[in-house]
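Build out the structure end to end from the sequences listed, making use of the hints.
For the protein sequence lines, the chains are A and B, in the order given. According to our numbering, the first sequence is numbered sequentially starting from 1. According to our numbering, the second sequence is numbered sequentially starting from 1.
None of these hints come from the bench; they were simulated from the model. Values in this document were obtained by computation on a predicted structure and should not be read as measured data. Glycine included, each C-beta is placed from N, C-alpha and C at the ideal position. Worth double-checking, as some hints may not be accurate.
Ranges of calculated distance between the beta carbons of each label pair, as one might list FRET restraints [stated by the list, open to error]: (1) B:A132 <-> A:L116: 50 to 58 Å; (2) A:I100 <-> B:R121: 18 to 26 Å; (3) A:A119 <-> B:G85: 37 to 45 Å; (4) A:V74 <-> B:D115: 22 to 30 Å; (5) B:A20 <-> A:V128: 38 to 46 Å; (6) B:D115 <-> A:L13: 30 to 38 Å; (7) B:G136 <-> A:L116: 47 to 55 Å; (8) B:A76 <-> A:I37: 18 to 26 Å.
To spell it out: a stretch of chain A is covered by chain B in this simulated footprint if at least three of its residues, at any positions, have a beta carbon under 8 Å from a beta carbon of chain B; those stretches are [to be verified]: (9) 5–19; (10) 25–32; (11) 35–49; (12) 137–148.
Residues of chain B clear of chain A, computed beta-carbon distances all greater than 12 Å [stated by the list, open to error]: (13) A17; (14) A20; (15) V34; (16) A46; (17) P79; (18) P104; (19) R105; (20) A138; (21) V142; (22) H146.
Take a look at the letters that make up each chain.
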Amino acid sequence: MVFALGTFHAAALIAALVLVLYATGALTSLLSGLSTIAGLALFGALWLTTVWSTNRTLRGAFTVAPWTSVPYGVMIPRAAWRSGVNGILFLGCLGVILIISSASNGDIGFLWLGALIFATVGTAVAFVIGLVVGLLFAGVDLALVNATRAILDDKKSQP
Amino acid sequence: MPALHTLGLFVRWAHVAGIAAILGGALLVWLLGVRRNGTNAGTVVAVAHLYEWIFWAAIGVQVMTGVGNLGAFGEALPPSDSAWGTKLIVKLVAVLALAILSVPRTMAVVAMAGDTAPRLRLLSALYGGTTAIVVGIAGLAVWLAHG
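Okay, structure coming up:
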């Protein structure tokens, strides 16, 4: 369940972002500035950190799926905090991938300035973005848990 | 063959292999569920449980390689207001819908894994629906690939 929900969060986030960016015409310039290897590495990093974050959030929550045994008052703040941390972790991965990508192109002039911005302002911004996205997905997940309960409780589906 | 060209081919292969695994697996579980008299209910749930792992791994690969395929277009990516762009937007919405609608299916299968009497009728409906959506997405993908 952790792998499924973590993958769902990462995949839905990227699919939604691509959809919005493509519809607004901003996707072409973004993708043309990103190599295939860097793009694959970025999604791989987001996938990995999001599954890790989901695992930490759902600890003890799915003892008998999909019935959550942890109160919403505990789950939602935990999801927000873990998602904020996930934002920082992903930022770290983004920094490493960009440094490797820049170094391989021989473009390392602004590396230290970039690293400084990443480590200060970037961390705070990544935490807030992660927290907001995490709260959004916590709401979606709770709606999907309720939908599953409705499906399983439906008399027509009983054996 | 240049390394980047090989990578591009691998990305396309992984994208096609991913949708094949998603479609083939959903079809298999649907068929096993429909043939209620011929298959043990526990076996159907066990196959469905395994399929859920494959499905989510493949969804991750689909998104990862799908973005890679779009990136391969570079500046030549058709605009969103073109006929090709409209088809791509419909496909992206369908993929998003598939991901969202698949979460309750996975949760239901996980819940049924502990049941003494799994609901094969419900499983058939869930996997039949998944198959229908995936066939639609695969059709859109073929349509996109041919302009």
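key: Indices of hints not satisfied (ascending)   = 2, 17, 18, 19
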